[in-house]
Amino acid sequence: MFKFFSSTNIYLLIEKLIKFVNSIFFLILAIGLTFALVLSPPDFLQGDAVRIMYVHVPSAWIGLSCFSLITLLSVLNFIFKIKNFYFINKSAAPIGLLFTCLAIVTGSLWGQPTWGTWWAWDARLTSMLVLMLFYILYILTFKLLKKEELIIKVSSIIAIVGSINLPIIKYSVEWWTTLHQPASIKITGSSSIHSEMLLPLMVMLLAFLLYAALIFLMKYKTEIIRIKKKNIKRN
Amino acid sequence: MILNFITMNGYGLYVWLSFGIVFISCVVVYLKTKKTLKKYEQEFLAELKALTLEEKNKALENSKVAQQILATSSKIN
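As given, the protein sequences belong to chains A and B, one line each in that order. Position 190 (the first sequence) corresponds to 190 in this note's numbering; numbering is contiguous. Position 1 (the second sequence) corresponds to 1 in this note's numbering; numbering is contiguous.
It is worth saying that the hints were derived from the structure and are not from the lab. Think of the CB as a built atom: it goes at the ideal place given N, C-alpha and C, for glycine as much as any other residue. A portion of the hints provided could be inaccurate.
[Said to hold, decoys possible] Label-pair restraints from in silico Cβ distances:
id: 1; chain 1: A; residue 1: Phe26; chain 2: B; residue 2: Ala50; range: 36 to 42 Å
id: 2; chain 1: B; residue 1: Lys49; chain 2: A; residue 2: Ser68; range: 38 to 44 Å
id: 3; chain 1: A; residue 1: Lys170; chain 2: B; residue 2: Leu53; range: 57 to 63 Å
id: 4; chain 1: B; residue 1: Thr52; chain 2: A; residue 2: Val75; range: 57 to 63 Å
id: 5; chain 1: A; residue 1: Phe44; chain 2: B; residue 2: Gly12; range: 41 to 47 Å
id: 6; chain 1: A; residue 1: Ser195; chain 2: B; residue 2: Asn9; range: 42 to 48 Å
id: 7; chain 1: A; residue 1: Leu27; chain 2: B; residue 2: Leu13; range: 17 to 23 Å
id: 8; chain 1: B; residue 1: Ala46; chain 2: A; residue 2: Ile18; range: 19 to 25 Å
id: 9; chain 1: B; residue 1: Glu54; chain 2: A; residue 2: Leu133; range: 49 to 55 Å
id: 10; chain 1: A; residue 1: Pro41; chain 2: B; residue 2: Lys49; range: 35 to 41 Å
id: 11; chain 1: B; residue 1: Phe5; chain 2: A; residue 2: His194; range: 56 to 62 Å
id: 12; chain 1: A; residue 1: Val38; chain 2: B; residue 2: Leu13; range: 50 to 56 Å
[What the hints assert, rightly or not] Here are the computed lysine to aspartate or glutamate pairs in the DMTMM-like style, where the Cα-Cα straight-line distance is at most 20 Å:
id: 13; chain 1: A; residue 1: Lys147; chain 2: A; residue 2: Glu223
id: 14; chain 1: B; residue 1: Lys39; chain 2: A; residue 2: Glu174
id: 15; chain 1: B; residue 1: Lys34; chain 2: A; residue 2: Glu148
id: 16; chain 1: A; residue 1: Lys230; chain 2: B; residue 2: Glu55
id: 17; chain 1: A; residue 1: Lys16; chain 2: B; residue 2: Glu54
id: 18; chain 1: B; residue 1: Lys35; chain 2: A; residue 2: Glu174
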């Protein structure tokens, strides 16, 4: 069964997956943008500034999810020594960094009209900035270190240490008094967001996830080619 | 109505700037990733072509990835 997850089989599957994602991405994005910019109602307090939520929230969620995935795979790689996890992490990290940066920038653009400031050193904003720094550190290990075994060790340590920040980001709005509003969407319990806003948010999240998947597949494919290129003469 | 859509009742600058930054960043990352992928595919092909016929046949026999890249080489070039 594990043979199915070999880099060769995955490579053959990637091409099909890229085509599939490409075929539905623009349709989902168009629906999402129509809802986000036209059909969804303005907020009774924030007015049309609330539309920034449709790019800010999915970006933040993907930024956090990528780091969670990286941490999980780093721990599993430490235990089971599955090299594929290292390549998955290497491909996922730039996506996580991109979306974390976008969450910070769009958050700042949302903060100005609603809070009256671009930036505040409050718990949620600062912890997101720390996450961004961990992403940069993580990616730098691939750029600066040469030996693959050392890269795996150092990057895994960075991911595991950085994961301490994840619950801080999640609960920062509950543990401290912050400018940032508490979570409106809860997996357990009732969400305080209206369905007319929840639907566009979910469609935009789907569009962002498809984009992230597309970039991930392309980066992962690059990694496989890079390895096969190294081994070409050994075959 | 169109003016309202553009100005977003005074929040247009923030809303359009947010969506614009996200859009441009995503396009840039997509193009950069695609360029890197193509570069590696071309380098792989070049290395494959530099092999002797015997080495090339052996490499193709042992690597489905090499077969796939060679098969799609017309698309790459």
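Hint check:
Remark: the range hint 36 to 42 Å for A/Phe26 to B/Ala50 is upheld by a beta-carbon distance near 39 Å. At roughly 42 Å, the beta-carbon separation of B/Lys49 and A/Ser68 lies within the given 38 to 44 Å, and the hint holds. For the hinted restraint 57 to 63 Å between A/Lys170 and B/Leu53, the CB-CB distance of approximately 59 Å keeps it satisfied. Take B/Thr52 and A/Val75: their Cβ atoms lie about 45 Å apart, and the range 57 to 63 Å is violated.
Hint check: A/Phe44 to B/Gly12, Cβ distance near 19 Å, so the stated range 41 to 47 Å is violated. At about 23 Å, the beta-carbon gap between A/Ser195 and B/Asn9 misses the expected band of 42 to 48 Å. For the pair A/Leu27 and B/Leu13, the supplied restraint of 17 to 23 Å is violated, since their beta-carbon distance comes to about 29 Å. A hinted range of 19 to 25 Å for the beta carbons of B/Ala46 and A/Ile18 is consistent with their spacing of about 23 Å.
Distance hint for B/Glu54 and A/Leu133: a CB-CB separation of about 51 Å, consistent with the stated range 49 to 55 Å. Distance hint check for A/Pro41 and B/Lys49: the Cβ-Cβ separation is about 59 Å, which falls outside the suggested range of 35 to 41 Å. Evaluation of the 56 to 62 Å hint for B/Phe5 and A/His194 yields a failure: the beta carbon distance comes to about 21 Å. The supplied range of 50 to 56 Å is broken by A/Val38 and B/Leu13, whose beta-carbon atoms lie about 18 Å from each other.
For the hint linking A/Lys147 to A/Glu223, the alpha-carbon distance of about 16 Å falls within 20 Å, and the restraint holds. Restraint check: the Cα-Cα separation between B/Lys39 and A/Glu174 comes to about 47 Å, which exceeds 20 Å; the hinted pair is violated. In summary, the hint linking B/Lys34 to A/Glu148 is not supported, as the alpha carbons are separated by about 24 Å, beyond the 20 Å threshold. Restraint check for A/Lys230 and B/Glu55: the C-alpha separation of about 14 Å stays at or below 20 Å, so the hint holds.
With a C-alpha separation of about 31 Å, the suggested pair A/Lys16 and B/Glu54 falls outside the 20 Å cut-off, and the hint is violated. With a C-alpha separation of about 43 Å, the suggested pair B/Lys35 and A/Glu174 falls outside the 20 Å cut-off, and the hint is violated.
Going through the hint list in order, the structure does not satisfy hints 4, 5, 6, 7, 10, 11, 12, 14, 15, 17 and 18.
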